[in-house]
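Read top to bottom, the protein sequences are chains A, B and C.
Sequential numbering of the first sequence, starting at 1, is according to this note's numbering.
Sequential numbering of the second sequence, starting at 1, is according to this note's numbering.
Sequential numbering of the third sequence, starting at 1, is according to this note's numbering.
What the hints contain is simulated information worked out from the structure, not anything from laboratory work.
Be a bit skeptical, because a hint or two may be false.
[To be verified] Take a look, some chain A residues computed to stay more than 10 Å from chain C by CB distance: (1) 178; (2) 215; (3) 246; (4) 295; (5) 306; (6) 322.
[What the hints assert, rightly or not] Once the Cα atoms are required to be at most 30 Å apart in a straight line, the calculated DSS-like pairs of lysine-lysine come out as: (7) 262(C) <-> 90(A); (8) 83(C) <-> 90(A); (9) 196(C) <-> 175(C); (10) 197(C) <-> 90(A); (11) 279(C) <-> 237(C); (12) 221(C) <-> 90(A); (13) 175(C) <-> 201(C); (14) 175(C) <-> 260(C); (15) 47(C) <-> 260(C); (16) 317(C) <-> 284(C); (17) 90(A) <-> 237(C); (18) 319(C) <-> 79(C); (19) 319(C) <-> 284(C); (20) 313(C) <-> 221(C).
Just so you know, even glycine gets a beta-carbon here, dropped at the ideal spot from N, CA and C.
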Amino acid sequence: MTAVTAPKVRQARNLRIGREVGIVVAMVLLLAATAIRNPGFLGAQSLRDLLLGSAILVVLAVGQTMVVITRNVDLSVGSILGLVAFATGKLFVAQPGLPIVLAVLAGIGLGVVCGALNGGLVAVAQVPSLVITLGTLYVFRGVDYAWAAGQQINAADMPPGFLRFGSATVLGIPWLAVVAAVVLIAAGLFLRSYRSGRDLYAIGSQPAAATLSGIPVGRRVFAVFAVNGALAGLAGVLYAARFGTVDATAGTGLELQVVAAVVVGGVAIFGGSGSVWGAALGALLLTTIGSSLAVLRINPFWQQAVVGALILAAIGLDRLLAVRMARRLRGRSHA
Amino acid sequence: MRKPWEITIVAALLVFILVASISVDGFATGRNWGFLLLDLAPIALIALPMTLIVIAGEIDLSVASILGLSSAIMGQLWLAGLSLQLIVVLVPLIGALLGAVNGLFVTRFGLPSLAVTIGTLALYRGLAFVVLGDRAVADFPFGWTGGSIRTIPGTPIPWAVLLIAVLAGVFALVLHFTPIGRGLYAIGNNAEAAAYAGISVGRTKFWLYVVSGAVSALAGILWTLRYASARADNGTGLELQVVAAVLLGGVSIFGGRGTLAGVLAGVLLLGTVRNALQLADVSTDTLTVVTGVLLILSVVAPALTRLTPRLRKASP
Amino acid sequence: MKPRFVPLALAVVLALAGCGGTTRDSGNDSGAAPQASGQADPNAPLKTGLKISFLPKQVNNPYFTVSDNGGKAAVTELKGEYKEVGPSDANASSQVSYINTLSQQQTDVIVTAANDPNAICGALQQARTAGAKVVTFDSDTNPQCRDLFVNQATSEGIAQNQVKLISDQIGGTGKIAILSATPNATNQNTWIELMKKELQKPEYSKIQLVTTAYGNDDDQKSFTETQGLLRSYPDLKGIISPTTVGVAAAARYLSGSQYKGKVALTGLGTPNQMRQFIKDGTVKNFALWNPADLGYLAAYAGAALASGQITGKAGEKFKAGKLGEYTIGDQSVVVLGPPTVFDANNIDQFDF
């Protein structure tokens with residue numbers, strides 16, 4: 001085994017930062033290209049819309065990153081979001097005077113319950129999360145449909161303060177984006193500076209070694225799914241605030257976008273590496289692409305194909321970087 | 001002791017059919033079985049190569065998108081004036097090509113199949129919309145569309161099912177009775193050891209993806225003819241149903257274990273449960289939940305049986 | 001191994017290409033379809049105990065919940081057995097499996113709104129052969145596969161109404177766009193085609209339809225599509241959204257943006273969803289019909305068919321409970337009535 005020395009760690013971090021800078025560059029290029037065609041694209045309203053549109057995806061991507069780092073995946077986030085969004089609507093219909101904070105907490109709470117179910121099954125039964133979350137994707141969605149029974153919560157039923165929260169700004173930045181930023185910073189700090197955060201990387205890189213070195217793998221994995229559930233719940237509340245009208249199909253198909261954002265953002269699907277910053281950038285990039293395609297008047301049917309191509313490009317690039325880095329590490333030790 | 005899970009599944013299937021025949025009106029009729037088998041046809045078809053892929057330790061989530069893209073291409077070629085005879089030969093070849101792309105990314109570039117096939121899931125579905133857009137092509141000749149659902153005279157079994165049965169036989173033969181098939185188990189158990197044993201892991205996996213693509217395209221043709229409608233969104237979400245059936249049938253997601261018989265039983269079980277519950281007027285929501293629960297059970301149950309001996313050993 | 005395949009495959013393909021075969025132009029047989037047959041007996045009593053099942057585009061769509069409940073009320077009056085089934089996604093192929101189930105259950109009348117005009121035809125034909133009567137509503141299938149189509153308003157009427165509403169609001173000149181539902185929806189495409197024809201009239205010559213966007217009847221998608229429209233066409237003056245999900249989402253986007261009051265919006269929406277936007281000035285007026293009445297009429301039409309009162313031929317009449325008497329038009333179409341226009345003056349009178 002090669003000895004991991006300080007210069008090599010710095011190299012690894014540089015490569016990762018380079019990867020994230022790459023996404024920023026791609027986004028800047030995209031914004032520029034679109035702005036040339038349509039200068040209004042860089043206007044205040046437009047940028048506000050971009051931030052608003054990506055806020056929910058960023059929150060989901062942060063949670064998913066933590067799950068993927070531990071070599072798992074959570075495909076049920078779309079269903080959790082839909083369930084919580086609908087629950088939030090029902091809550092407000094039943095209690096119009098409810099303070100927004102309480103509604104947010106209730107949504108997060110419901111999300112935690114769902115996430116804990118996922119985490120429990122994965123950690124205790126030691127069953128691949130792909131399958132479990134596939135199953136809970138169906139189960140949560142089915143519960144959502146059954147509860148909704150064809151109803152729809154209309155924007156007119158929601159308290160205006162809540163809806164304002166969904167579209168209002170503070171110093172020009174939408175509240176939703178502020179919430180997403182807070183979540184992002186908190187997660188970023190946690191993963192970098194806290195012991196339990198670093199443990200997640202260890203679990204994803206070498207699960208056997210992690211267990212042997214005393215990390216309570218089961219507990220960490222359970223916790224990570226619960227947190228992801230909580231974030232999906234938060235995203236559900238934000239969704240209800242942003243769109244106002246919620247029915248049982250809310251959030252269908254989001255899981256693909258979240259995984260795309262995470263993968264494009266440089267988080268390795270096999271766990272062990274990546275950062276929430278990259279995932280957030282991935283989410284921003286995907287949202288920008290959606291808007292750009294519309295503005296550039298490119299056939300909107302290309303959008304999904306572009307997302308697919310990006311995923312392939314991203315994992316290809318990551319693989320290339322990983323191989324290059326491994327080669328370099330090996331090379332140095334022989335020098 | 002051999003293959004207890006397969007026995008469980010087949011037993012569950014038979015028990016369920018028995019119970020449903022007695023308690024659900026209209027379940028045990030020839031016509032209903034005809035519908036059921038037709039509904040299951042694409043899932044059963046795609047489950048065949050999927051079984052082999054999962055046994056070899058990989059996965060292919062792009063199958064439904066290949067189905068959709070094939071349907072879109074079929075529609076577009078038909079509009080362009082090509083003959084159906086030519087189309088049904090060309091489209092599986094194109095499917096094979098699409099599968100080859102998957103295979104290339106997984107074997108040549110060494111990328112994880114989960115991520116690759118999620119990427120191609122989006123890419124191919126997107127391309128389907130680019131090819132056919134929002135239209136539906138529906139003027140296929142009745143001889144073909146009616147023929148796709150026509151039953152064998154004197155029985156309620158559609159001809160399409162015969163085709164699938166034959167293919168299933170071929171796959172089962174390859175998997176269980178040829179060195180290639182045994183090699184798949186070896187690869188799934190330990191790819192490195194298999195390589196040392198002389199199995200060319202990369203080439204095998206590559207061809208698995210090619211076959212998966214071709215079969216998915218074939219399923220796309222059947223789907224298009226059956227519903228007499230080529231649309232870009234055909235088959236959306238089907239990959240989850242196929243994976244659910246494969247896992248329910250006892251194939252381990254880790255690779256290295258599973259049988260084709262089990263998978264077919266799994267496909268039938270999921271299909272009959274859905275069919276019977278629908279006949280019994282159970283709501284769509286409940287059906288969705290049941291599918292999810294069955295899927296979770298399919299992996300938790302074997303995991304628990306793995307755990308209990310450990311627990312027994314642990315306690316003094 | 002690989003190189004040998006290629007020439008072989010090429011040879012097969014070329015041979016097939018040369019051989020001719022069944023192509024689009026080689027003539028199409030569309031298969032025998034059960035046509036309206038038999039004699040209508042207008043005096044036949046309405047049968048009781050009829051099994052009438054509703055199969056909407058998707059079960060979790062509030063518009064269809066309202067229309068199906070209207071059907072339920074009718075079935076209760078008819079002393080029949082009501083059922084609502086359907087897919088949770090507005091998918092064409094999903095409806096087929098439900099049609100087969102209904103046919104298995106010996107349903108007397110299937111009332112359905114099609115996601116795709118052709119995909120469910122085969123199953124519907126089989127159901128009709130097995131004895132069921134098929135009534136479509138809201139979104140039609142190929143006329144060969146159903147006995148009757150209950151249209152909410154004439155398609156021409158809807159198109160004319162929508163174009164007139166937007167034209168009045170933008171002063172007869174400017175760029176407009178359409179925000180539709182799913183790209184394959186029969187009703188949407190019919191209306192859009194007729195709207196384009198309507199726009200060719202001299203009085204609308206200064207109005208330019210720049211594009212059609214699709215919100216897929218998904219709230220979030222419709223929301224972001226509206227955003228995209230205004231981004232791509234900054235000088236857009238008006239949007240027509242002839243779908244309840246689309247117009248509500250577009251209104252919500254507009255009312256929270258800088259375009260409120262500057263870009264006109266009209267479409268087909270439900271009063272409950274649109275009330276706040278009328279009140280805050282985002283939308284001046286919009287139109288719809290009562291979906292509950294639509295379902296109600298469809299159920300009565302189905303019962304009349306199953307009881308032998310009508311066979312679906314043009315000119316036949318039947319009574320539809322509290323809605324009165326209806327006459328069947330060409331192509332076996334029954335029209336509910338003219339669309340209602342909602343604005344600030346009358347919006348509070350309605351609750352659906």
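Subject >> Violations among the numbered hints >> reply: 3, 4, 7, 10, 15, 16, 17, 19, 20
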